[in-house]
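> Just need the whole structure built from these sequences, with the hints factored in.
The opening residue of the sequence shown carries number -14 in my numbering; numbering runs sequentially from there.
Hints are supplied without guarantee of correctness; some may be wrong.
As a list, the in silico SDA-like pairs of lysine to any residue whose alpha-carbon atoms are at most 20 Å apart [said to hold, decoys possible]:
1. Lys156 <-> Ala123
2. Lys156 <-> Glu171
3. Lys156 <-> Gly135
4. Lys80 <-> Arg68
5. Lys80 <-> Asn214
These are calculated hints, taken from the structure and not from any lab test.
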Amino acid sequence: MRIAVLTDVHANLTALRAVLADIRAREPFQLVVSAGDQLCGGPRPLETWDELQAAGATMLKGDTERDLEIGSFKSVPGRGLRRDLILAVFDWTMKRVPEDLRARAASLPRRLRLQVDDGPELLLAHANGVNLHEFIWADTPAVELERLIGPNPPALMVVGHIHAPLELEYKATTILRPGSVGLKYEPQWAGVAHWAEVWWDSERAAWAFRVHQVKWDHRLEIEAGRAVNYPGVRILPGYAG
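The following block contains the structure:
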């Protein structure tokens, strides 16, 4: 079994198309999984949803799908222009995404567990193994990691939520965060999307993975944002005025 896993597209159609093209170049895959946060945070939520559906992707629910469901964005700390723009983006997305699509996004599964030949499990989720919002950091204490992995610890847990890549081990579980598709602000990841190739290694009776990097043209997404009066153009990756 081979699975392509991407996370945190955040309505960035340019980056998504670049990742899907890379996935197609490496076929076959039995599953393509988008692990949450598909629709909010970029200028093309409807097109992003359609692109993922056309690719046959299994979509999972992220915290922004939950926010769109309840019509209220999580607290944004601090003050200033960036905070105001983030809140304006959420309001814009609420108006852009019709109610029936918000309901469909809200009904997406929270996690996906996979197993081959009664072997160890693979868990795919947005943030962690138990909820949609708590972060896993490189320095998360062991007691918290155990709680966030959840009951019935998998051999491999692939998550998103934080947009920078991470790999760590806790007891018998490997935690992989490949890195986001849509929103990265670290200079070293400017114009780069990540996704993970995950496969069942039958010789080792274990899950294996490889993280791929794909370049995308941030100028195209900025132009798309301007064309639809997207209020968050100034906080899209690569914006320089």
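> It remains to establish, for every hint, whether it holds in the given structure.
Against the structure, the hints come out as follows:
The straight-line distance between the Cα atoms of Lys156 and Ala123 is roughly 15 Å, inside the 20 Å bound, and the hint therefore holds. Proximity of Lys156 to Glu171 is assessed by CA-CA distance (about 30 Å); at most 20 Å being required, the pair is judged violated. The suggested pairing of Lys156 with Gly135 holds, with an alpha-carbon distance near 13 Å, which does not exceed 20 Å. Proximity of Lys80 to Arg68 is assessed by CA-CA distance (about 19 Å); at most 20 Å being required, the pair is judged to hold.
Among the hinted pairs, Lys80 with Asn214 is consistent with the structure: their alpha-carbon atoms are about 13 Å apart, no more than 20 Å.
In this structure, only the earlier hint numbered 2 is contradicted, and the remaining ones agree with it.
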